[in-house]
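Trainee: Model the full structure from these sequences, guided by the hints.
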Amino acid sequence: MRERSEFELFSKLSIGQYIPTGSVIHRLDPRIKLILGILLIATAVLAGSVVAILILLSSVILGLCLTRVQLRLAFTPLKFMLFFLFILAVIQVFTIPQYRTDGTVLLHRGVVKVTTLSLLSGTLLIFRFVVIVLGLSMFSFSTSTTELLHGIEHLLRPLERIGFPAHELALTVHISIRFLPILAGEAEQLMKAQASRGADFGYSKWNFFRKIRKMLPLLLPLFIVSLKHAQHMARAMESRCYTGGAGRSHFVHLHTGPSDYSALLFGCAVSASALLVYYLAVDEAVGRLLLNILRM
Amino acid sequence: MIPFKTPLIGVKRLSHTYLAGTDLSVDSLKNIDLEVFRGETVGIIGPAGSGKSTLLQHLNGLLRPQRGDVWVKDISILHSGEEIRTVRTHVGLLFQNPENQLFEQFAGDDVAFGPRNMGLSTEEVRRRVKNAMEMVGLPFSYKDRLTAHLSLGEKRRLALAGVLAMDPEVLVLDEPTASLDPDGRRRLLHILSGWKSSGTKAMVIASHNMDDIVETSDRVYVLLRGKIALAGTTRQVFSGVDFLLHNDLAVPVASELMHYLRKRGFPVSSEVLTDREAAQEVRGLYDA
Amino acid sequence: MQRTRSEPLIRTTGLHHIYREGTSYALDGIDLEIEAGEYIAVVGANGSGKSTLLMHLNALLLPTSGDVMIAGMNTKNNQWLREIRSMVGMVFQSPDTQIIATIVEEDVAFGPENIGVPEQELRHRVVQALRAVGLYKLRKRPSHLLSAGQKQLLAIASALAMHPRCLVLDEATSMLDPASRRSFLETLAHLHRQGMTIVCSTHNMDEAALAQRIIVLSKGKVIADGNPNAIFSRRELLVLANIEPPSSLRLAEKIGEYLYGFYSSALTITGLADEVDAYLRNKGSYDQ
Numbered sequence: 001m002r003e004r005s006e007f008e009l010f011s012k013l014s015i016g017q018y019i020p021t022g023s024v025i026h027r028l029d030p031r032i033k034l035i036l037g038i039l040l041i042a043t044a045v046l047a048g049s050v051v052a053i054l055i056l057l058s059s060v061i062l063g064l065c066l067t068r069v070q071l072r073l074a075f076t077p078l079k080f081m082l083f084f085l086f087i088l089a090v091i092q093v094f095t096i097p098q099y100r101t102d103g104t105v106l107l108h109r110g111v112v113k114v115t116t117l118s119l120l121s122g123t124l125l126i127f128r129f130v131v132i133v134l135g136l137s138m139f140s141f142s143t144s145t146t147e148l149l150h151g152i153e154h155l156l157r158p159l160e161r162i163g164f165p166a167h168e169l170a171l172t173v174h175i176s177i178r179f180l181p182i183l184a185g186e187a188e189q190l191m192k193a194q195a196s197r198g199a200d201f202g203y204s205k206w207n208f209f210r211k212i213r214k215m216l217p218l219l220l221p222l223f224i225v226s227l228k229h230a231q232h233m234a235r236a237m238e239s240r241c242y243t244g245g246a247g248r249s250h251f252v253h254l255h256t257g258p259s260d261y262s263a264l265l266f267g268c269a270v271s272a273s274a275l276l277v278y279y280l281a282v283d284e285a286v287g288r289l290l291l292n293i294l295r296m
Numbered sequence: 001m002i003p004f005k006t007p008l009i010g011v012k013r014l015s016h017t018y019l020a021g022t023d024l025s026v027d028s029l030k031n032i033d034l035e036v037f038r039g040e041t042v043g044i045i046g047p048a049g050s051g052k053s054t055l056l057q058h059l060n061g062l063l064r065p066q067r068g069d070v071w072v073k074d075i076s077i078l079h080s081g082e083e084i085r086t087v088r089t090h091v092g093l094l095f096q097n098p099e100n101q102l103f104e105q106f107a108g109d110d111v112a113f114g115p116r117n118m119g120l121s122t123e124e125v126r127r128r129v130k131n132a133m134e135m136v137g138l139p140f141s142y143k144d145r146l147t148a149h150l151s152l153g154e155k156r157r158l159a160l161a162g163v164l165a166m167d168p169e170v171l172v173l174d175e176p177t178a179s180l181d182p183d184g185r186r187r188l189l190h191i192l193s194g195w196k197s198s199g200t201k202a203m204v205i206a207s208h209n210m211d212d213i214v215e216t217s218d219r220v221y222v223l224l225r226g227k228i229a230l231a232g233t234t235r236q237v238f239s240g241v242d243f244l245l246h247n248d249l250a251v252p253v254a255s256e257l258m259h260y261l262r263k264r265g266f267p268v269s270s271e272v273l274t275d276r277e278a279a280q281e282v283r284g285l286y287d288a
Numbered sequence: 001m002q003r004t005r006s007e008p009l010i011r012t013t014g015l016h017h018i019y020r021e022g023t024s025y026a027l028d029g030i031d032l033e034i035e036a037g038e039y040i041a042v043v044g045a046n047g048s049g050k051s052t053l054l055m056h057l058n059a060l061l062l063p064t065s066g067d068v069m070i071a072g073m074n075t076k077n078n079q080w081l082r083e084i085r086s087m088v089g090m091v092f093q094s095p096d097t098q099i100i101a102t103i104v105e106e107d108v109a110f111g112p113e114n115i116g117v118p119e120q121e122l123r124h125r126v127v128q129a130l131r132a133v134g135l136y137k138l139r140k141r142p143s144h145l146l147s148a149g150q151k152q153l154l155a156i157a158s159a160l161a162m163h164p165r166c167l168v169l170d171e172a173t174s175m176l177d178p179a180s181r182r183s184f185l186e187t188l189a190h191l192h193r194q195g196m197t198i199v200c201s202t203h204n205m206d207e208a209a210l211a212q213r214i215i216v217l218s219k220g221k222v223i224a225d226g227n228p229n230a231i232f233s234r235r236e237l238l239v240l241a242n243i244e245p246p247s248s249l250r251l252a253e254k255i256g257e258y259l260y261g262f263y264s265s266a267l268t269i270t271g272l273a274d275e276v277d278a279y280l281r282n283k284g285s286y287d288q
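Residue numbers (this note's numbering), protein chains in the order written: chain A, 1 to 296; chain B, 1 to 288; chain C, 1 to 288.
Hints in this document: simulated from the structure, not taken from any laboratory. For glycine and all other residues, C-beta sits at the position ideal for the given N, C-alpha and C. Careful: at least some of the hints might be erroneous.
[To be verified] Computed Cβ-Cβ distance ranges for the label pairs, DEER-style:
#: 1; chain 1: A; residue 1: Arg210; chain 2: B; residue 2: Phe243; range: 45 to 53 angstroms
#: 2; chain 1: C; residue 1: Glu83; chain 2: A; residue 2: Val252; range: 25 to 33 angstroms
#: 3; chain 1: B; residue 1: Ser76; chain 2: A; residue 2: Leu71; range: 37 to 45 angstroms
#: 4; chain 1: C; residue 1: Gly14; chain 2: A; residue 2: Leu216; range: 47 to 55 angstroms
#: 5; chain 1: B; residue 1: Glu124; chain 2: C; residue 2: Lys76; range: 53 to 61 angstroms
[As the list claims (entries may be wrong)] Reference excerpt, derived from the structure (chain A facing chain B, CB under 7 angstroms, subset only):
#: 6; residue: Leu190
#: 7; residue: Ala193
#: 8; residue: Ser196
#: 9; residue: Arg197
#: 10; residue: Gly198
#: 11; residue: Ala199
#: 12; residue: Pro217
#: 13; residue: Pro221
[What the hints assert, rightly or not] With a straight-line cut-off of 30 angstroms between C-alpha atoms, the simulated DSSO-like cross-links for lysine-lysine are:
#: 14; chain 1: C; residue 1: Lys221; chain 2: A; residue 2: Lys228
#: 15; chain 1: C; residue 1: Lys76; chain 2: A; residue 2: Lys228
#: 16; chain 1: A; residue 1: Lys214; chain 2: B; residue 2: Lys130
Mentor: See below:
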């Protein structure tokens, strides 16, 4: 019954999935969250050990709980991805290149060969993906786009001394984001105006290409109106004496406090232990233990 | 015996929640009942955020009823699938500042967009474009002009032509005279009354401009915070000046003057709408 | 007004402007003087040059020939650009596209940030400006969630943060509903009372009637310049410039048709009610 009209492009909706709950994670300095995010991804990629990934996973889930955002919101996107992931993982398990012939063979029927190693890499693939998606969700739930931009700009600011245009870059991204609700609104108006004159936008649910073709008459007017808006915005910026990044003062200041330092320390500790687990080949030990248990 | 008239458009218990199910949900319409009969012009007034645009967009099926229903000539919008496009040939909707939605390079092509979408033959399309352009006072030769080179007034009329070319039975207009100078406004209202004069058409106008409402509408609905707060003939509705002013709505200046005079103790009629009626009323006071 | 020897805040001499070679003059020889503290409305039909003139006042446009001096500084001189733009703040018509930042208070800070205002002063200016327009409570809100009226007030705040001596507003109310327009104009009146020079262009004559001085443009030239009563009493002028008198004068004239001898120059409906009241109470003995 609650059918959503084909036109609600949510020009009033916030961008991304920022869900303000005022939790401790929300109040962290965005720079810290950016650093932790990068650290998480790097560690997940480097630490090729299931146990390591499990360590990362538990800390991400802990983080998610701390954001006080409903967990199911984080897991819902995973539901869709997990299916394809599983297929991918299975393919990897069965077709892993045979250069790695060590690892105990568990199954060997003709071309199909399953070794402990291939099983491992399949599992790893799924878990890595889950960790990264959940981690990114945690950060996007707890950080507004504006905060994120300020974080990026502040991180890049030291580079201004060597001539890197951190401010201009940040402003460009900022304005692009500022334009999103404006353009969404314009697109919505255009679609509605055209639909009112008989254009068909919504009914062939499976006909993807037809839908794209129907969107084409929108592109040109949308482009033209964007140019007009851009001109207006430039005019407004000029009126307020914008002349680039040089000599600007700053209204927004990011402050790091004890919770930021503890979060950073915690993140480093988790990352270090994950890498340690990988280098100490803990997986092999655990794997052998499991096999012994199974054989008993 | 008075024949039972079926309205061209019927709205029953229509409700709409914007962004339902999210944190930002807003009840934009609550239990709206509304009718539009052949031959009449219905005005819809209400402060910003009262739900006017949302309501208008239900009248041609751009928005589906979430609760309640909207009927256009016996077609239920709630239950229509592909037929919704037929509804849009019966009800033509002109948005606010429609010149922003012109998208064809050549003026004539933009007017032809609607008829072409209806699958009409080339000759029929051409005939309709010509008729529509003439109705809005644009020479047919303008069809080869670049849309971008038209003036604001011309663009507005071109956009109207684009809707009229679909030959709708009901014309729904959102702030039709916004941003127009006095000449442009007069011309547009003249075109609209010309279109409607055949007697079989109907018109719905949502506007902040009370002079427009007074000049065009037979009946008025007052929308406040998503509900119909008041409905009646134009005269009836504007007689409640206190109520309207209190709710941040404008009233025709004639009514406003009467309101202030009444406050100062003069026994003036509360059903004054036009300048002339106000003048007559003042004269009446003087003669008394 | 006593003409002192000091330089007026704004002075244009022989101002001409052509947008593109081969097209006609958008501004065809404008000579104007605007003193500090004035409240001026610039009116005229679409295409008469209103926007063009206004954009010269903060050097967004430069003269094709002639000069524009702001507090003695010539707009053509690049070294004064920052000073001029800090002195003359501009508010445009479209609410959305003059807001740069995604958070309200950050948008207000944008201007002073650009001229390197030190941080403590910067914070102070932001708070001051937001309070002046009544938006302080909404300072942390995402700017795209504001209503159109609030966005226009934000635009004023963002201009105020530059500590201008003059506010130039180009049809800033034309996209607003009556209620928002009222509060916007009240804010302007308040700022004017505190000494701000206001130059605004408008289509709405009821709004223009609020100014102390009206400049009428037609085809790029100033065809009239005086106080509202002086301007609106000249019928041929209004026709020539394609503008209508404010509604109170229109109504007063109609009353005069029915009540011979009645005359009112009131620029508001309440004012008109006062004069009708007085006329009726002094039946026959109407002194002018």
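Trainee: Are the hints correct? Go through all of them and say.
Mentor: Comparing the hints with the structure gives:
1. A:Arg210 - B:Phe243: 45 to 53 angstroms: 51 angstroms, holds
2. C:Glu83 - A:Val252: 25 to 33 angstroms: Hint holds: Cβ distance 26 angstroms, inside 25 to 33 angstroms.
3. B:Ser76 - A:Leu71: 37 to 45 angstroms: 42 angstroms, holds
4. C:Gly14 - A:Leu216: 47 to 55 angstroms: Given about 50 angstroms between the Cβ atoms, the range holds.
5. B:Glu124 - C:Lys76: 53 to 61 angstroms: Distance hint for Glu124 of chain B, Lys76 of chain C holds at roughly 58 angstroms.
6. Leu190: 6 angstroms, holds
7. Ala193: Status holds, d = 4 angstroms.
8. Ser196: 4 angstroms, holds
9. Arg197: Given a least distance of 4 angstroms, the restraint on Arg197 of chain A holds.
10. Gly198: 3 angstroms, holds
11. Ala199: 6 angstroms, holds
12. Pro217: OK, holds: Pro217 of chain A within 7 angstroms of chain B, min 6 angstroms.
13. Pro221: 4 angstroms, holds
14. C:Lys221 - A:Lys228: Holds, at roughly 27 angstroms.
15. C:Lys76 - A:Lys228: With Cα atoms ~26 angstroms apart, Lys76 of chain C and Lys228 of chain A stay inside 30 angstroms; holds.
16. A:Lys214 - B:Lys130: It holds: about 26 angstroms lies between the C-alpha atoms, which stays within 30 angstroms.
Comparing the model with each numbered hint stated earlier shows that all of them hold.
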